[in-house]
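S.K.: Given only the sequences and the hints, what does the whole structure look like? Please build it.
With full-length UniProt numbering, you'll find the sequence shown wraps up at 332, consecutive numbering, no jumps.
To be clear, the hints were calculated from the coordinates, so they are not data collected in a lab.
Computed from a predicted model, the values in this text were never measured in an experiment.
Note that the Cβ used here is the ideal one computed from N, Cα and C, for glycine as well.
Treat the hints with care, since some could be wrong.
[Stated by the list, open to error] DSS-like mimics (lysine-lysine), calculated; alpha carbons at most 30 Å apart, straight line:
#, residue 1, residue 2
1, K168, K286
2, K69, K151
3, K69, K236
4, K279, K303
5, K279, K151
6, K303, K286
7, K257, K286
8, K236, K168
9, K188, K279
10, K188, K257
11, K188, K236
12, K257, K168
13, K286, K236
14, K168, K279
15, K168, K69
16, K188, K303
17, K279, K69
[Said to hold, decoys possible] Derived Cβ-Cβ restraints for the label pairs, each shown as a range:
#, residue 1, residue 2, range
18, V317, L201, 39 to 45 Å
19, F199, V154, 18 to 24 Å
20, E110, G256, 39 to 45 Å
21, A291, E172, 14 to 20 Å
22, E222, P142, 22 to 28 Å
23, T33, R305, 48 to 54 Å
24, R144, N169, 55 to 61 Å
25, S185, D243, 34 to 40 Å
26, T131, E273, 17 to 23 Å
27, P123, H52, 34 to 40 Å
28, E132, D290, 34 to 40 Å
29, N169, I59, 55 to 61 Å
30, G221, I59, 25 to 31 Å
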Amino acid sequence: MMSAVAEPVPTITAALHPDIIQTLILTRLDGPTLASTACASAHFNQLTSDEHLWRNISIATWPSITHPKLQSLISSFPHRHRSLYSDSFPLLTTRPLAPPSTPAIDRMAELVSAVDLFYRGRPVLTRVAETECDSGWFHGSPFRIDMLESKESVTIPITHPGSDEAFKNDLEQSLTLSWILVDPSRSKSANLSSSRPVFVLRRWTAGDVQARFATVLRVDGETEIQCRITVTCGLKEGGDEVDVREVSMHLEDMDGKNLCGEQSLAVLAAALEFGERRKGRDGEEKERYDAYLERRRERRAVKDRRERLLDLAFIGVSVSAFVSFWVFVLFW
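M.R.: What follows is the structure in structure tokens.
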């Protein structure tokens, strides 16, 4: 007597129509969860490849990408909004970057910045800026991108913070920033900002607060470059509004020296092409930045000791030469 072969029990996902999964389930997921779902099975990978899903998630995450310039650039990405999200959502790590080839740098005729500033999760400033990179003036000048024009400010409503110290602490906890840099020549992007400030400074003389966002890029085993983004805010009279007066980015080396355009392009080209992206835990960005500052202090201390030794050696040689000269004059 032949035994009956049990038919496989269909899974819930197999029993549901794909349209139901896409419209009622997948649309409720955030980006990281959707990416994890895509790895669950070939069936889910196919369902989560829908461009509309990633477009909606990307726009909800970064309102600035609705700009026509960004939409045009995203259309040239291999998987459009999914590629943008994959490149730009995770953090750039401090893993050593492979140096880009000279032709790769030469192709970077333009950089496009998409910046979104949030206060308590609500977008308060979205800007897109285009930077021309193919001029000799740009290559030789200090690299800096400003999202606000000179003397321009953007007023945003805030919850009354109370004292000045409370104002500083509120910005430290409530401000988040995204700075997506796009290289149109290679259809690559990366988020160069820490999500939260790594340092907040109350400037009493200027009457404002500077929030610093930063990503540390390790060029090789010893050289590190800080991508520093500065957001300057001033509390308006009445205490329920803030003027955002500056949103800018520049790159500096471990000695605090600003990089020029050509040097910055080399670092940014390597970061966009070879930088490792991964989701960090809460507070990791500040820990990495504090560790970088400690390495910079140690480097400065070693440099100072070396300079002091050179000064002592120079003084010793000078004294010896002086004494030898007078010995020669007096006794010969």
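S.K.: Now look at each hint and say whether the structure bears it out.
M.R.: Status of each hint after checking the structure:
1. For a cut-off of 30 Å, the pair hint linking K168 to K286 stands: about 16 Å separates their Cα positions.
2. Between K69 and K151 the CA atoms are separated by roughly 25 Å; this keeps the pair inside 30 Å, and the hint holds.
3. Restraint check for K69 and K236: the C-alpha separation of about 33 Å exceeds 30 Å, so the hint is violated.
4. At most 30 Å may separate the alpha-carbon atoms for a hinted pair to count; K279 and K303 exceed this at roughly 35 Å.
5. With a CA separation close to 36 Å, the supplied pair K279 and K151 exceeds the 30 Å bound.
6. As the CA atoms of K303 and K286 are separated by approximately 25 Å, the hinted pair is consistent with the 30 Å bound.
7. The suggested pairing of K257 with K286 holds, with an alpha-carbon distance near 21 Å, which does not exceed 30 Å.
8. For a cut-off of 30 Å, the pair hint linking K236 to K168 stands: about 14 Å separates their Cα positions.
9. Our distance criterion of 30 Å between C-alpha atoms is met by K188 and K279, whose separation comes to about 18 Å.
10. For a cut-off of 30 Å, the pair hint linking K188 to K257 stands: about 27 Å separates their Cα positions.
11. Among the hinted pairs, K188 with K236 is inconsistent with the structure: their alpha-carbon atoms are about 39 Å apart, more than 30 Å.
12. Pair hint K257 plus K168 holds up; C-alpha atoms about 27 Å apart against a cutoff of 30 Å.
13. Between the alpha carbons of K286 and K236 the distance comes to roughly 28 Å, so the proposed pair stays at or under 30 Å and holds.
14. At most 30 Å may separate the alpha-carbon atoms for a hinted pair to count; K168 and K279 meet this at roughly 27 Å.
15. The straight-line distance between the Cα atoms of K168 and K69 is roughly 35 Å, outside the 30 Å bound, and the hint therefore fails.
16. With a CA separation close to 37 Å, the supplied pair K188 and K303 exceeds the 30 Å bound.
17. Only pairs whose Cα atoms come within 30 Å are accepted, and K279 paired with K69 is accepted, the gap being roughly 27 Å.
18. The supplied range of 39 to 45 Å is met by V317 and L201, whose beta-carbon atoms lie about 44 Å from each other.
19. Between F199 and V154 the beta carbons are some 22 Å apart, a value that agrees with the proposed interval 18 to 24 Å.
20. A hinted range of 39 to 45 Å is violated for the C-beta pair E110 and G256, which are about 28 Å apart.
21. The given range of 14 to 20 Å is respected by A291 and E172, whose C-beta atoms sit roughly 19 Å from each other.
22. Under the hint 22 to 28 Å, the C-beta atoms of E222 and P142, about 23 Å apart, fit the expected range.
23. The supplied range of 48 to 54 Å is met by T33 and R305, whose beta-carbon atoms lie about 51 Å from each other.
24. R144 and N169 have their C-beta atoms about 29 Å apart, which leaves the hinted 55 to 61 Å range violated.
25. Range check, S185 to D243: about 36 Å between beta-carbon atoms, so the 34 to 40 Å window is met.
26. Distance hint for T131 and E273: a CB-CB separation of about 18 Å, consistent with the stated range 17 to 23 Å.
27. Take P123 and H52: their Cβ atoms lie about 21 Å apart, and the range 34 to 40 Å is violated.
28. Here the CB-CB span from E132 to D290 is close to 36 Å, well matched to the stated 34 to 40 Å.
29. In this structure, N169 and I59 break the distance hint of 55 to 61 Å, their C-beta atoms being roughly 31 Å apart.
30. Taking the beta carbon of each, G221 and I59 are about 39 Å apart, not inside 25 to 31 Å as hinted.
Going down the numbered hints, you'll see the structure goes against 3, 4, 5, 11, 15, 16, 20, 24, 27, 29, 30, while the others check out.
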